[in-house]
Structures are given as structure tokens and as C-alpha cells.
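Number of protein chains: 2
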Amino acid sequence: MDLDVPPRVGIVGGGQLARMSAAPAAALGIGLRVLAADASDPAAQVIHDVALGRHDDLDALRRFAAGCAVVTFDHEHVPPAHLEELESMGVAVRPGPAALFHAQDKIHMRQALTDAGIPCPRWRVVTAVPDVVEFAAEADWPVVLKTSRGGYDGRGVWVVESAAQAAEVLASPLAGGAQWLAEEHIDFVQELSAQVARSPHGQAVAYPVVRTLQAGGICSEVVAPAPGLSVTRAVAAQEIALRIARDLNVTGMLAVEMFDDGYSLYVNELAMRPHNSGHWTIEGAATSQFENHLRAVLDLPLGSPAPHAPYAVMVNILGGEVGNLYSAYRHVLARDPGLKVHLYGKEVRPGRKVGHVTVIGHDYEELLARGRHAADYFAGVIDE
Amino acid sequence: MDLDVPPRVGIVGGGQLARMSAAPAAALGIGLRVLAADASDPAAQVIHDVALGRHDDLDALRRFAAGCAVVTFDHEHVPPAHLEELESMGVAVRPGPAALFHAQDKIHMRQALTDAGIPCPRWRVVTAVPDVVEFAAEADWPVVLKTSRGGYDGRGVWVVESAAQAAEVLASPLAGGAQWLAEEHIDFVQELSAQVARSPHGQAVAYPVVRTLQAGGICSEVVAPAPGLSVTRAVAAQEIALRIARDLNVTGMLAVEMFDDGYSLYVNELAMRPHNSGHWTIEGAATSQFENHLRAVLDLPLGSPAPHAPYAVMVNILGGEVGNLYSAYRHVLARDPGLKVHLYGKEVRPGRKVGHVTVIGHDYEELLARGRHAADYFAGVIDE
Numbered sequence: 017m018d019l020d021v022p023p024r025v026g027i028v029g030g031g032q033l034a035r036m037s038a039a040p041a042a043a044l045g046i047g048l049r050v051l052a053a054d055a056s057d058p059a060a061q062v063i064h065d066v067a068l069g070r071h072d073d074l075d076a077l078r079r080f081a082a083g084c085a086v087v088t089f090d091h092e093h094v095p096p097a098h099l100e101e102l103e104s105m106g107v108a109v110r111p112g113p114a115a116l117f118h119a120q121d122k123i124h125m126r127q128a129l130t131d132a133g134i135p136c137p138r139w140r141v142v143t144a145v146p147d148v149v150e151f152a153a154e155a156d157w158p159v160v161l162k163t164s165r166g167g168y169d170g171r172g173v174w175v176v177e178s179a180a181q182a183a184e185v186l187a188s189p190l191a192g193g194a195q196w197l198a199e200e201h202i203d204f205v206q207e208l209s210a211q212v213a214r215s216p217h218g219q220a221v222a223y224p225v226v227r228t229l230q231a232g233g234i235c236s237e238v239v240a241p242a243p244g245l246s247v248t249r250a251v252a253a254q255e256i257a258l259r260i261a262r263d264l265n266v267t268g269m270l271a272v273e274m275f276d277d278g279y280s281l282y283v284n285e286l287a288m289r290p291h292n293s294g295h296w297t298i299e300g301a302a303t304s305q306f307e308n309h310l311r312a313v314l315d316l317p318l319g320s321p322a323p324h325a326p327y328a329v330m331v332n333i334l335g336g337e338v339g340n341l342y343s344a345y346r347h348v349l350a351r352d353p354g355l356k357v358h359l360y361g362k363e364v365r366p367g368r369k370v371g372h373v374t375v376i377g378h379d380y381e382e383l384l385a386r387g388r389h390a391a392d393y394f395a396g397v398i399d400e
Numbered sequence: 017m018d019l020d021v022p023p024r025v026g027i028v029g030g031g032q033l034a035r036m037s038a039a040p041a042a043a044l045g046i047g048l049r050v051l052a053a054d055a056s057d058p059a060a061q062v063i064h065d066v067a068l069g070r071h072d073d074l075d076a077l078r079r080f081a082a083g084c085a086v087v088t089f090d091h092e093h094v095p096p097a098h099l100e101e102l103e104s105m106g107v108a109v110r111p112g113p114a115a116l117f118h119a120q121d122k123i124h125m126r127q128a129l130t131d132a133g134i135p136c137p138r139w140r141v142v143t144a145v146p147d148v149v150e151f152a153a154e155a156d157w158p159v160v161l162k163t164s165r166g167g168y169d170g171r172g173v174w175v176v177e178s179a180a181q182a183a184e185v186l187a188s189p190l191a192g193g194a195q196w197l198a199e200e201h202i203d204f205v206q207e208l209s210a211q212v213a214r215s216p217h218g219q220a221v222a223y224p225v226v227r228t229l230q231a232g233g234i235c236s237e238v239v240a241p242a243p244g245l246s247v248t249r250a251v252a253a254q255e256i257a258l259r260i261a262r263d264l265n266v267t268g269m270l271a272v273e274m275f276d277d278g279y280s281l282y283v284n285e286l287a288m289r290p291h292n293s294g295h296w297t298i299e300g301a302a303t304s305q306f307e308n309h310l311r312a313v314l315d316l317p318l319g320s321p322a323p324h325a326p327y328a329v330m331v332n333i334l335g336g337e338v339g340n341l342y343s344a345y346r347h348v349l350a351r352d353p354g355l356k357v358h359l360y361g362k363e364v365r366p367g368r369k370v371g372h373v374t375v376i377g378h379d380y381e382e383l384l385a386r387g388r389h390a391a392d393y394f395a396g397v398i399d400e
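Those protein sequences? They're chains A and X, same order as listed.
When we follow the numbering used here, the leftmost residue of the first sequence carries the number 17, and every step to the right adds one.
When we follow the numbering used here, the leftmost residue of the second sequence carries the number 17, and every step to the right adds one.
Treat the hints as calculated values from the structure; they're not laboratory data.
Accuracy of the hints is not assured; some may be wrong.
[Stated by the list, open to error] Pairwise CB distance ranges, derived in the manner of DEER restraints:
1. A:A153 - X:A325: 52 to 58 Å
2. A:R70 - X:G367: 44 to 50 Å
3. A:L229 - X:G218: 37 to 43 Å
4. A:T248 - X:D277: 55 to 61 Å
5. A:D65 - X:E337: 45 to 51 Å
6. A:D131 - X:G367: 54 to 60 Å
7. X:G133 - A:E381: 46 to 52 Å
8. X:N340 - A:E337: 50 to 56 Å
9. X:A55 - A:E337: 51 to 57 Å
10. X:D277 - A:E255: 56 to 62 Å
Note that the structure is predicted; figures quoted are calculated from it, not measured.
Think of the CB as a built atom: it goes at the ideal place given N, C-alpha and C, for glycine as much as any other residue.
Full structure from sequences and hints, please.
Following this line, the structure appears as C-alpha cells:
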């Protein structure tokens, strides 16, 4: 990469991940351009250099990428063929299409991890109910059914208890290119996320392993580091994430979501971008996931992932009955001067991720209580 | 202020202070508009909502302010009459023109502080050499000569040792409305800065008092908190800053620069905006000065000024021989993964503030060595 001028990074997608990338880009003095579908998208509201266009429109992608030293992503939805087109223009695409395809297609991901000897739940491609019944004979009910492509935040995932329930799910239409995947249901004691950053020349750093809590398939809160996780298990989780990053040639941030059943770890999902489980790093770590993603895709030396405090807690603000989040500020900020609020500028819809709060300190139970209170107040679930 | 929609804050001036305000504005989900003289100004490069125009052009200010809930500042140079015009439009101007005038006119400031019983160096308005000689008979040589308006970063300040030197300075042309001010030269052991945030309804928070080091009239480094400063002296400095904020009805951030001669404190200068002596708060405190300035001018509850670590050190990057600061990144970032870099997107000119670095930790001497090394490498003073 040319070091004579500060490079411009292009982010495809104008969501909250692109929005939160603006601060480290400005601090580093590098250019930042987003491709946003709409001028009201979270990132398009705050970033200076906005291109309007869809992530699946090749012409829009081409115009957007011209003048960017490197293109990276707010989400996983850009068609692989389009990414190869951008590469053929001479634009660095990071993570590259071959790596990113593992985050786009769950069957491709499961096969690659299985080939590499990474622990996963048992899995099988299925096309009809008898396949599911046969799989359940081995892995037991309930069975997790997933579409191989297009799911996120719990969409595209069903837990079925019987052949009849499986039949109902398999009757749903599949998106183009998607197949059905059956997975063993892991009876976990906690869900973990291990995040690493990796640069093209192979430097990698691992963040503390965090505990995530999902509600209705959506991440609701994160505690960093995972309370009570043994050092052995934490290091094992970091080693799994580092191996995946290397074996799949990931560049940028990688989040590996895992199940911990009290005995073993099982990889659930991969995300090759900054991830909800790493929002705590903005205030809680020396280098945020957003900064390390930018450094990594630019092949700059990575920053320290060391935490600032024994614990950081992040709680998502989900849309509720209150349309105007700003109206909560007088109460929420006065009640907790140490609370950090991030609102994404999104229209409030019930259950939609519209922001998050972070608190750092020594006692994670106390931090959780503070974070949940603020998130509940924003959502209108409580009014005092 | 209407709480039904997130308000828009307008910042007059497109420098680095406005640029560094973008991150907390995006996090808080409030609108941010800057009035920048040029599209290449530091803030105009990164902020979405940019109005181009000069800070002394009343029509430009009026157009800019329409649609802003509150107008605040990147610098002190807007003519007071223009600010009164904006207020008469119904725009909240914070700090208000009457408060801000103390930061615009040093004679006005000295008189107000003297009336309030705040400790200052001895001072006198002078018009000719005999006035300076008379003052020196009381306060002794050397004497500090200042223009009452228009100086910054050491400009508009001279230290003279004799009547002949005073005559040379007084022969310089004065800007419109400016007068000459003679001040006692304080033989200080250190310079301190005490920062507070104050909101219109009177809430105030005080940051830890920091030690500043000036080189050639420009701030070169800051240690927070000031090493070895007794609690008694630190509290006295905070009380002076809180009193000034209250007595002068300041809203937003106030920086009070002081001399410490080992026995007493003397107020040197005031700035009613985020200030170079508070850049360490971005990574070093729970709430940055930029966030608390926005909260204060919006009359929102203020955030905690508590530090994250025992010490934070900030070193300014001054322009040197190297035009492209990005070329230093491979070395600087690889050498120190915990270092935080802020580049302002300014064209490099010798001696110009083009960025800063911050490090936080336990040993301020070690932090200073790391910060100075990075700043020197960026400037091209060292090459390893």
C-alpha cells in the first residue's frame, strides 16, 4: 500500500458498525467513505464522505471503491462475485472474498472448520424431514435448523423438537443459493465470544473472551471478561479464534461465537467485522475493535487489546414504546455519570437494536444492574 | 430546549477541537454542524454537516445557526456583536457573549478576576514606555507585555527586560480594539491547567488538575494529574476554576491556566471551550472534555471526569520536516501498541500543532518518554 498519503478506507454498508468506525478513522487521520443504501442510515448521518447505493449493485460498488485503498464491510451481504470484481479492479478487499464466504455460507463454514479440526456442534446438510429424523437419531432432539445463507440476529434459525416441527420449518421458502443445515443442539451453560484482529502480513491480537447473553436470538448483554471462565478455557477460546483467523486467512476483526457446555467449547457462528460482542472495547480497552479493524485492513501494526478495568459490561438498547430516545437523557445521565451511551440514529422499532450502553469497573453484577437499568429506561420498560 | 428530537449543536470553526467533538456527538446521537472557513479544515474533512463560511461574516453565521439548537465555538474569535445578533435570532449561544468576552479580551478578564478576588499576576493597562517603567518599578523586570485581544499559542505575548525592549514591542501595530497590558512575570515552578465543565442550570464538574509544559509559547506536553501537586494545592486550583465558571457565568468547558510559584497560584489565561490541556481526557477519563462540552451546552447532566489510570500523558505533535505523517505509522504503532494517536488532517508546517499522542498508565516518567518518542518520530526529529 502506498504510504505517501493517508489512505481512504471504504466501508460497504451504512449501519452502526460503520458509524462507530468514524471516531478511530478521524483519530488516525485516514479517509473513511461509506456506501449507504439511504442518506438516513446511521453512518451516513455522521460521516463526511458518503456514497449512496446498494451493496448488491455492482456499478454502485465500483464507483464507491474507486479511490479507496481498501474496501471492508459493515455486514456480510455483498455477493462474492461482486467482491471478486472489485479485486480485479485492483482494490484491496479485506477480508477477501474467499475468507468472507465462510461468514456468508454456514455450510461452507462448517465444512472448513470440520476440515481444520475446530470443535463444532455435529451438523449435516438436510433437504427433507427424513434427513432431520435420521440426524436426530444420532444427535438427539431438539435439533437446530438453519438456512445456510441470509440469516442474522436469530433470523434463519429454528429449534425443532420433532419431525412435525421440522416439516413446518422446511416448508419455509429458501433464499437463492441457500440450503438447510441441521445442527446438534448444545445444552450450554454460557455463550462466549472470542474476538481477534489479524492483518494481511499475519500479525494477530486476541481480546479478552466475553460472555454474551442472547434474548430472542438478539445479543442483549456482554460481560468482559466472561465471569468465572477459567484461564485454561479462556486461552482455549482465544486459540480457536486465532487458528480460525489464520486457517481461513481472515483480515480485520473476527468474532467467534461459541457455546460452553461446562466441559467443551463448540463454535457457533463467525463474523468477519467488528461485532456486537466487542462494543465494550470502545471505552473498555486500549484499542477498540473499530480501530483495530481499520489498522488490520490497512496492514498497520495492531493496537493493544488490554482492558482498562477488571470488567466492562455492554447492554444493548432495543427499541420499545418510546420513539424519541433523547427524552431519556435527563434521567439516565443524571442517575449514572459514569455510563457511556451510544445511540445509532435509527428509527425506533420494537426489538430493533437502536443503541447500547457501556459501564466499566470492578463489580460486574453492579455494572450489569446499571447497564440494564439504563437500557430499560431508554426502551420505556421502566420509568424511574 | 425541546426534548422531542435530538438537537443539533453548531460549532463555529472547523479546527481540531471541532473535529474531536465528532465522536461524542455521534455516540450521543445528537446532530453536529460546523462552520468551517475551508472544506479542508480538520473538522470539515470528517463531519457530515459542514457549512462553509467565515466566523466574522454575520450572514454566514446567521445561515449556519438557523436550525441549530445551540451554537458553540472551536475558538474565541467571533465578534461579540455577531454573537448578540445570533442570540436575538433565538439561538442559544454557549458560552454566552458576556461570558465569552472574558476569553476574548485580556483586560476585561483581568478586571473581572481582580474584582472577584481571584489571584492574578499584578497587571496594568499601558499605552507607552513610561507606563511600563513605572509598572516595573513596582513589579520588577522582566515585565510581560500582551495585546489584550487576538493572541494565541504564544502570539501577542512578549517578555521584556528593559525600557528599550518595551519600546520595541510597543512599536508593533495593535489589532482593532486591542490595548497593551503589562503583567508581572511570575517565576513559576510549574504551569497548571484546571478544567471544569458547567451547564446553564449550574451543575459543574472539575477534572484532575494537570501540569502543562510550553515550548515557544505552544503547549508541548501535559501530565494528568500534575505530579507531586499536593491535594491542598490541587483543590485550590479546582476551586478557582469553579469560582470563575460560576462568577463569569461560563457554560461549557472552561480551562484556567495557572502559574504555580511553589507558594501560590496565579491565573494566567482562560479558554471557554475544550482545550489542549484536556486532550488526555479522550482516552484517560470516563467522560472526555469534548463530550462534557456538548453535554454542558445542551444543559444535559454532566459526565464523570474520573480518570481511568493513575496517570495520562499527552504530547503534541508539532510539524517538522516530514510532510506526510502517515509514513511514521509502521514504526510508531509497532513500537508502542498502547499509544493512542490523533492526527488532525492539517497540512504540516514547522511548529504547527498537527496532532497529539496520549498514553495512560502508572509511571508518568515512562509515559512521557513514550509520548515524546512518538511525537519526535512523527516530526522527523528522530528516525528510530
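For each hint, the structure was consulted:
| no. | hint | verdict |
| --- | --- | --- |
| 1 | A:A153 - X:A325: 52 to 58 Å | 57 Å, holds |
| 2 | A:R70 - X:G367: 44 to 50 Å | 47 Å, holds |
| 3 | A:L229 - X:G218: 37 to 43 Å | 40 Å, holds |
| 4 | A:T248 - X:D277: 55 to 61 Å | 58 Å, holds |
| 5 | A:D65 - X:E337: 45 to 51 Å | 30 Å, violated |
| 6 | A:D131 - X:G367: 54 to 60 Å | 58 Å, holds |
| 7 | X:G133 - A:E381: 46 to 52 Å | 48 Å, holds |
| 8 | X:N340 - A:E337: 50 to 56 Å | 52 Å, holds |
| 9 | X:A55 - A:E337: 51 to 57 Å | 42 Å, violated |
| 10 | X:D277 - A:E255: 56 to 62 Å | 58 Å, holds |
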